[in-house]
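These protein sequence lines are chains A and B, in that order.
Take the first sequence: its letter number 299 is residue 299 in the numbering used here, and every next letter is one higher.
Take the second sequence: its letter number 341 is residue 341 in the numbering used here, and every next letter is one higher.
Hints in this document: simulated from the structure, not taken from any laboratory.
These numbers come from a predicted model, not from an experiment.
Positions of the beta carbon are idealized from the N, C-alpha and C atoms, including for glycine.
Check each hint, because a few of them may be wrong.
[What the hints assert, rightly or not] Each computed DSBU-like pair below joins lysine-lysine, with the alpha-carbon atoms no more than 30 Å apart:
{"id": "1", "chain 1": "A", "residue 1": "K82", "chain 2": "B", "residue 2": "K46"}
{"id": "2", "chain 1": "B", "residue 1": "K313", "chain 2": "B", "residue 2": "K275"}
{"id": "3", "chain 1": "A", "residue 1": "K78", "chain 2": "B", "residue 2": "K155"}
{"id": "4", "chain 1": "B", "residue 1": "K389", "chain 2": "A", "residue 2": "K190"}
{"id": "5", "chain 1": "B", "residue 1": "K384", "chain 2": "B", "residue 2": "K275"}
{"id": "6", "chain 1": "A", "residue 1": "K83", "chain 2": "B", "residue 2": "K197"}
{"id": "7", "chain 1": "B", "residue 1": "K258", "chain 2": "B", "residue 2": "K365"}
{"id": "8", "chain 1": "A", "residue 1": "K83", "chain 2": "B", "residue 2": "K19"}
{"id": "9", "chain 1": "A", "residue 1": "K191", "chain 2": "B", "residue 2": "K374"}
{"id": "10", "chain 1": "A", "residue 1": "K159", "chain 2": "A", "residue 2": "K149"}
{"id": "11", "chain 1": "A", "residue 1": "K78", "chain 2": "B", "residue 2": "K19"}
{"id": "12", "chain 1": "B", "residue 1": "K155", "chain 2": "A", "residue 2": "K83"}
{"id": "13", "chain 1": "B", "residue 1": "K275", "chain 2": "B", "residue 2": "K365"}
{"id": "14", "chain 1": "A", "residue 1": "K83", "chain 2": "B", "residue 2": "K46"}
{"id": "15", "chain 1": "B", "residue 1": "K389", "chain 2": "B", "residue 2": "K374"}
[Said to hold, decoys possible] A short list of chain A residues far from chain B (calculated; beta carbon distances all over 10 Å):
{"id": "16", "residue": "F181"}
{"id": "17", "residue": "P182"}
{"id": "18", "residue": "L209"}
{"id": "19", "residue": "G239"}
{"id": "20", "residue": "E253"}
[Stated by the list, open to error] Stretch-level coverage of chain A by chain B, calculated; a stretch enters the list once three of its residues show a Cβ under 8 Å from a Cβ in chain B:
{"id": "21", "region": "26-33"}
{"id": "22", "region": "38-50"}
{"id": "23", "region": "62-71"}
{"id": "24", "region": "95-108"}
{"id": "25", "region": "150-160"}
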Amino acid sequence: MSNSLFSPGHTACAGCGQSLAARLVIDACGANTIIANNTGCLEVFSSKYPESAWGVPWIHSLFENAAAVASGIEAALKFLGKKEGINVIAQAGDGGTADIGLQALSGMFERGHDILYVCYDNEAYENTGIQRSGLTPYGANTTTTPIGKELLLGNIRFKKPMPEIANAHGIPYVATASAAFPQDVQRKVKKAISIRGAKYIQIHVPCPLGWRHASDLTISVGKLAVETGLYPLIEYENGKLTAVRQIQPKPVEEYLKPQGRFKHLLNNPEQIKIIQAIADNNIEKYGLRVKTEVKSEASS
Amino acid sequence: MKEFLEGSRAVAEAIKLCKPGVISAYPITPQTHIVEELALMVAEGKLNSQFINVESEHSAASLVLGAVATGVRVFTATSSQGLLYMAEVLFNIAGMRFPVVMTCANRAISAPLNIWNDQQDSVSMRDTGWVQLFAEDIQEAVDFHFMAYRIAEDKSIMLPVMVCMDGFILTHGIETVDMPSQEQVDKFLPAYSALYKLDPQNPITMGLVADPDYYTEARYALHQTNREVLDLIPKVTKEFSGIFGRVYNGLIEEYQTKDAQRVIVAMGSVCGTIKEVVDELRKKGKKVGLLKITAYRPFPIRQIYEALKNVPKVAVLDRALSLGSYAPLFSEVKAVFGTKKKKPQVISSFIAGLGGRDITKDSIKEIFRLLTAKELSGEFIDLKPELLKETYEQ
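Just chain A, with the same shape it has in the complex (with noise of 0.2 Å):
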């Protein structure tokens, strides 16, 4: 028997990122929760008739509602006086979070529901079989980004600079976290449900099918992509940047290296230069090297 919320044997993949950021998230919010899930890999794999993984009242409608129907949900508490010691939380992959779900939670940032948004962020839509989103990294070859004789690099687009957009709604709370960081996940998702109006986390869940690495290598996967600088570990409260996880950077070929879907750019030290100045953009960007005079993360 689990003690979590979020039941083992549900349909997921062997090393899903996203499973395990998902009951870090639930376990951390506790029961008096309610969840509003997107369609994607987590709605499918926890929630097939007649079996659920949830322990919590959990909704899935669509791909790109979850936002809105979250919002109704906080709204129907708040008529019915019962807000008060519920967390209302929404979630969805990064396709129905960055690309056809954005409008709705731009609704949901604005009118400013007191509702924890997480993205799962996997960097593809790897549901319906591995293709692009708006938040799948440089140079990744996905299914509608194959490399061929013509085209050498895959997606040539840059990650959608979703937690600005979340920051720039003006909302208390925006992170970013790692599944490969567990401490690091529940204690973002206790302090964004502590604070009262629409908060935002985008969880970094590597996905060894779509990602084309070995299972077994998720944690030290999600590890890298945070260690080289590629996904910062952030924290704004209410426009400012207050936190970040500080690192030794390493060069991105180590997060590059285990992962098929970047196999292409390896040889290509044109490309490799890139994706290395998307990494030092970051750490300049918001301080990550040890010892900046940036807040780090104990501090804060």
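With chain A fixed as given, assemble chain B onto it according to the hints.
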């Protein structure tokens, strides 16, 4: 109490009496007056409700879905493009068996852009699983909303209901309306208590995946329940009559059909015009009548059969098209008779009143004139052939 009210304002007053806890909408002409009025009621403290302005109709429908799932009575309203934008959510609301009530201010669909009345919007949503009730006048629009909540929230039904009222003609028209008292409405419509809801005290999972082993049965059950609404509506209208005094059939209305030789089948506000023409022609000794369809979904097949089986000539008037095929209402009325022994000799199809073109008494007389032994398939009334002759440089 009888009041002289604009249709939208009257509907807003009716909704207030139904006490929805959450209202969400996105503005679209000609629905706006309804939600503006409700927003004002909330602002003035006359209505205790969460009024949520959203960024789209898709989110308006999704928001009320989330609220009703949490156990609260909800309301939304839209029209035309807004209804189409909601389409995906409409299917979902019905599939999840949520008793949402919505007003559709019927309006044409783009292109070309047109803000005026026809019924293409809700007719195009006929397969969503929503009950659709078409109002003839403002009083019906008001009364149908009370019934809509009763039908939707019936524990044996749990389906969404759309009250369709012709845009501008009814939403912006002004008529004398008998507004019931709060006591009457409370007696007819008890507070909403959900069968299932999102509640941490009793966690359930809603909106699951159903694979091929289960999907068919879920949809079959939805279909069966939809058919059962045909049995529920007469019970609801009977109870309604007992409290409010107004008598409705709720499925169809037969107007001078008993001995009629020629009958027009129609939906919505045009039925008022047809009744006037029927009265005039009856005075001249012509045996004509009207069959008003109130419930477009579920479609009252048996009642339509009984009403028309002995009528020799039937005209079906559509204010919508199914491009490239038979007009929508016509094809369904036609299908009612199929291989039945008793049936009209002629069922002709007429299309009129698209994009706000008035259907006048002369238009109706023209339909009766054209309703002869020769069956017509999709005859446009009041078409302007001169506009079709314009030529363009290739």
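We went through each hint and held it up to the structure:
1. Between K82 of chain A and K46 of chain B the alpha-carbon distance is near 22 Å, which keeps this suggested pair within the 30 Å criterion.
2. With a C-alpha separation of about 17 Å, the suggested pair K313 of chain B and K275 of chain B falls inside the 30 Å cut-off, and the hint holds.
3. In summary, the hint linking K78 of chain A to K155 of chain B is supported, as the alpha carbons are separated by about 25 Å, within the 30 Å threshold.
4. Restraint check for K389 of chain B and K190 of chain A: the C-alpha separation of about 70 Å exceeds 30 Å, so the hint is violated.
5. Distance hint between K384 of chain B and K275 of chain B is fulfilled; the C-alpha atoms sit about 26 Å from each other, no more than 30 Å.
6. Under the criterion of a C-alpha separation no larger than 30 Å, the hint pairing K83 of chain A with K197 of chain B is consistent with the structure, at around 15 Å.
7. The straight-line distance between the Cα atoms of K258 of chain B and K365 of chain B is roughly 20 Å, inside the 30 Å bound, and the hint therefore holds.
8. For the hint pairing K83 of chain A with K19 of chain B, the CA-to-CA distance comes to about 20 Å; that is within 30 Å, so the pair holds.
9. Distance check on the hinted pair: K191 of chain A and K374 of chain B sit about 76 Å apart at the alpha-carbon level, beyond 30 Å; violated.
10. With a CA separation close to 24 Å, the supplied pair K159 of chain A and K149 of chain A stays within the 30 Å bound.
11. Under the criterion of a C-alpha separation no larger than 30 Å, the hint pairing K78 of chain A with K19 of chain B is consistent with the structure, at around 15 Å.
12. Proximity of K155 of chain B to K83 of chain A is assessed by CA-CA distance (about 26 Å); at most 30 Å being required, the pair is judged to hold.
13. For a cut-off of 30 Å, the pair hint linking K275 of chain B to K365 of chain B stands: about 11 Å separates their Cα positions.
14. With a CA separation close to 23 Å, the supplied pair K83 of chain A and K46 of chain B stays within the 30 Å bound.
15. At roughly 27 Å between alpha-carbon atoms, K389 of chain B and K374 of chain B fall within 30 Å of each other, so this suggested pair holds.
16. Look at F181 of chain A: its CB is around 28 Å from the nearest CB on chain B, clear of 10 Å, so calling it non-interface holds up.
17. Remark: the non-interface label on P182 of chain A is consistent with the geometry, its nearest Cβ contact in chain B lying 24 Å away (cut-off 10 Å).
18. For L209 of chain A, the shortest C-beta to C-beta distance to chain B comes to about 18 Å, beyond the 10 Å cut-off, and the non-interface label holds.
19. G239 of chain A, annotated as away from the interface, keeps every beta carbon of chain B farther than 10 Å; the closest lies near 21 Å.
20. For E253 of chain A, the shortest C-beta to C-beta distance to chain B comes to about 39 Å, beyond the 10 Å cut-off, and the non-interface label holds.
21. Check result for the region 26-33 of chain A against chain B: holds, 3 residues qualifying (beta carbon to beta carbon below 8 Å, three or more required).
22. A count of 6 residues in the region 38-50 of chain A with a Cβ less than 8 Å from any Cβ of chain B is obtained; the coverage claim is therefore met, three being the minimum.
23. Beta-carbon proximity to chain B at under 8 Å applies to 8 residues in the region 62-71 of chain A; the threshold of 3 is reached and the given coverage holds.
24. Here's how the region 95-108 of chain A fares: 4 of its residues keep a CB closer than 8 Å to some CB of chain B, so the rule of at least three is met and the hint holds.
25. Under the rule that three or more residues need a Cβ within less than 8 Å of chain B, the assignment of the region 150-160 of chain A is violated, with 0 such residues.
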